[in-house]
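J.: Listed here are the chains, written in short residue letters.
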Amino acid sequence: MADPLLNVQNLTMDFGGLRALDHVNIDIQQNEIIALIGPNGAGKTTFFNCITGIYTPTGGDILITAPLRSGAASKTERINGLKPNQVTEKGMARTFQNIRLFPNMTVLENVMIGRHCRTRSGILGAVLRNHTMVREEQAVVDASYQILEKIGLSRFVNDLAKNLPYGAQRRLEIARALATEPFLLLLDEPAAGMNPHETLELDTLITRIRNEEKVSILLIEHDMKLVMSLSDRIFVMDYGKKIAQGTPEEIRNNPMVIKAYLGEECDVES
Amino acid sequence: MMTFTEIKKSFLTSLWFMFLTFPIMVIRVNTIEKQVIWRWENMWYVGIGSFLLSFVWRYFLRRKERGNNHANEHIANMSSSIQRIFSRRRYKIPAMVAAAMTVAVFPFVMNSYQTNIMITALMYVMLGLGLNIVVGLAGLLDLGYVAFYAVGAYTYGLLNHHFGIGFWTVLPLGGALGALFGVLLGFPVLRLRGDYLAIVTLGFGEIIRLILENWNEFSYGPSGIAHISKPSLFGIKLSFSGEITYMYFLMIGMVCFTIFVVNRLQNSRIGRAWIALREDEVACQAMGIDKTRTKLTAFALGATWAGMAGVIFAAKTTFINPASFTFMESAMILSIVVLGGMGSIPGVIIAALFLILLPEYLRAFSDYRMLLFGAIMVIMMVFRPQGIIATVRRNYNFKKAEN
Ligand SMILES: Nc1ncnc2c1ncn2[C@@H]1O[C@H](COP(=O)(O)OP(=O)(O)OP(=O)(O)O)[C@@H](O)[C@H]1O
Ligand SMILES: [Mg+2]
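Those protein sequence lines, which keep their order, are chains A and B. 1 is the number of the first residue of the first sequence in the numbering used here; add one for each residue after it. 1 is the number of the first residue of the second sequence in the numbering used here; add one for each residue after it.
Keep in mind that the hints were calculated from the coordinates and are not lab data. Errors might be hidden in some of the hints.
Unchecked claim - Calculated cross-link-like contacts (lysine-lysine; reagent style PhoX-like; alpha-carbon spacing at most 25 Å):
hint : chain 1 : residue 1 : chain 2 : residue 2
1    : A       : 90        : B       : 64
2    : A       : 75        : A       : 225
3    : A       : 214       : A       : 225
4    : B       : 230       : A       : 162
5    : A       : 241       : A       : 225
6    : B       : 237       : A       : 162
7    : A       : 162       : A       : 150
8    : A       : 90        : A       : 150
9    : A       : 225       : A       : 90
10   : A       : 83        : B       : 291
11   : A       : 75        : A       : 90
12   : A       : 150       : A       : 214
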């Protein structure tokens with residue numbers, strides 16, 4: 001088997017005395033959709049924050065092997081301690097549990113920000129507005145609009161992000177992350193606050209992103225129906241530890257997982 | 001029903017005001033004749049005045065709250081229709097021509113005193129546009145902006161005093177030094193935001209001023225530097241009014257240059273990164289924008305204009321000392337940006353002209369200048385927090401994918 005896209009070894013994160021992540025191991029292969037589940041406060045978001053550079057983990061290794069477009073052999077890199085923007089540049093883009101759009105920018109501009117790290121024009125280019133810069137700018141606009149069309153947000157193109165309905169805001173976060181040309185998309189509770197219809201649309205959207213854009217996906221989600229229908233493999237966390245991993249079928253019947261979700265009382269009673 | 005409670009509230013307000021102003025408005029003690037004069041009629045004036053003001057205030061506040069969404073839409077419609085009018089060729093060209101004509105004939109129609117005031121106002125336009133990059137676009141609250149203005153002024157003052165270097169050589173140098181100081185300030189405050197950033201920048205502004213005030217060997221202390229030469233015009237000797245006219249057109253040119261550059265920066269990849277940084281720092285970084293670099297460019301490019309404005313200031317007044325670079329100046333420039341509308345170029349221009357010219361033409365009220373200033377700020381913040389001209393996000397032309 002090829003090197004995993006993302007290989008996390010013994011990831012540990014301490015907040016003062018609190019160990020939010022305790023020697024977590026997770027690997028993601030190319031073209032997989034992986035779900036990370038667990039009860040509230042299990043450390044899922046903290047895991048995302050560690051691998052995207054928002055926190056510097058206390059211990060462990062985060063190794064990525066970016067697939068090259070040419071298909072040539074790619075090398076494995078350790079990305080601990082890189083800044084968030086550097087991680088994004090390497091090809092891992094994320095969304096946030098509590099939506100973090102740029103509220104006073106238009107929908108299109110939000111996506112254009114995602115193109116920032118793939119473009120180069122600087123101060124001089126901006127002031128002189130030379131040929132290269134104008135062309136790059138137009139390419140950014142066109143590419144961003146195409147992403148919006150794919151995600152199904154093109155009718156909102158000139159609206160301010162803050163005026164979008166909730167479900168559309170979540171999808172805009174995905175569009176913005178896709179604009180950075182990631183090989184791995186990290187979604188933190190993308191279905192939170194969505195109605196059943198929107199959740200269904202999200203299901204097809206995520207599958208489409210994987211199949212058409214060839215982007216692997218790691219998502220945190222509490223909606224079990226969505227998780228079971230989407231994921232190839234599932235990792236389960238509780239109290240900062242990984243307690244189980246496997247296919248949806250295996251996870252559904254795993255007693256450890258049932259215990260973590262239903263709580264200790266259940267255990268005592270039985 | 002609603003109005004009755006409103007009237008009651010206004011009535012209580014007026015009672016409270018009558019009570020508060022009682023000692024100063026009503027009682028007058030004549031110490032010589034040992035008499036106390038009771039001026040009851042003043043109490044009625046205060047009562048009726050504050051009642052009416054309070055009622056009007058409440059009325060507008062209620063209208064604003066009730067029709068908040070409605071009003072916002074209305075404002076958006078209004079500004080977009082203004083824009084539409086100006087984007088139409090038929091109106092745009094005559095408007096531009098009229099503005100250009102006014103600008104061109106101003107120094108010949110007005111006397112040199114008024115032209116001088118206009119030059120000052122234009123300098124504040126330039127400063128406002130510079131600070132607009134830092135505060136309005138990048139969202140970094142900088143209370144020490146005047147420091148860069150001082151850096152520019154002293155660059156020209158000192159270089160001219162010691163080496164006799166001319167204005168046109170120093171102008172870009174002042175800008176460059178401003179940018180350098182911008183980066184110097186930027187580095188230590190990279191991690192700070194909001195109030196903390198405001199306090200540190202405030203301190204930075206004061207440090208620069210105190211250095212200029214106390215380092216006598218370097219900056220000649222409080223007595224400052226005199227006899228700085230005015231800008232030259234191909235070595236032609238100008239009359240007194242000729243010099244002012246020249247300065248005026250120089251300033252017009254500089255303002256146009258500033259508008260041109262700031263406008264282009266704002267609508268570029270870097271400008272968008274600044275706005276994203278203002279909107280959400282964490283998301284901005286997570287989307288691949290280098291926070292450090294973006295912040296430093298904002299500080300540097302903002303300070304460049306202050307540096308250049310400083311050089312022009314030194315050349316205009318021919319005398320500089322630290323008293324010109326107090327916190328009041330920073331506060332003034334910040335007010336221009338906030339009043340004009342954060343990130344809005346036309347807003348900043350209008351606010352600068354308004355705030356600088358109005359006090360000059362209202363000399364009669366000069367005692368109440370600060371009071372008026374405060375009242376305007378409060379009213380603006382309550383009724384129109386987005387500033388005189390709110391920024392309207394730009395729409396782009398894009399290619400639709402053929403299905
Ligand atoms: N910056 C921080 N400082 C201190 N403690 C933190 C910090 N961030 C998270 N924690 C703690 O780490 C634990 C894990 O939190 P985390 O947000 O990762 O949970 P989660 O699995 O995402 O939960 P949810 O499903 O509710 O989103 C919690 O106990 C939380 O209080
Ligand atoms: Mg979470």
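J.: Look at each hint and say if it fits the structure.
T.: Quick rundown of the hints versus the structure:
{"no.": "1", "hint": "90(A) <-> 64(B)", "in the structure": "violated, 48 Å"}
{"no.": "2", "hint": "75(A) <-> 225(A)", "in the structure": "violated, 37 Å"}
{"no.": "3", "hint": "214(A) <-> 225(A)", "in the structure": "holds, 24 Å"}
{"no.": "4", "hint": "230(B) <-> 162(A)", "in the structure": "violated, 51 Å"}
{"no.": "5", "hint": "241(A) <-> 225(A)", "in the structure": "holds, 23 Å"}
{"no.": "6", "hint": "237(B) <-> 162(A)", "in the structure": "violated, 59 Å"}
{"no.": "7", "hint": "162(A) <-> 150(A)", "in the structure": "holds, 21 Å"}
{"no.": "8", "hint": "90(A) <-> 150(A)", "in the structure": "holds, 23 Å"}
{"no.": "9", "hint": "225(A) <-> 90(A)", "in the structure": "violated, 32 Å"}
{"no.": "10", "hint": "83(A) <-> 291(B)", "in the structure": "holds, 10 Å"}
{"no.": "11", "hint": "75(A) <-> 90(A)", "in the structure": "holds, 12 Å"}
{"no.": "12", "hint": "150(A) <-> 214(A)", "in the structure": "holds, 14 Å"}
Of the numbered hints listed earlier, those contradicted by the structure are 1, 2, 4, 6, 9.
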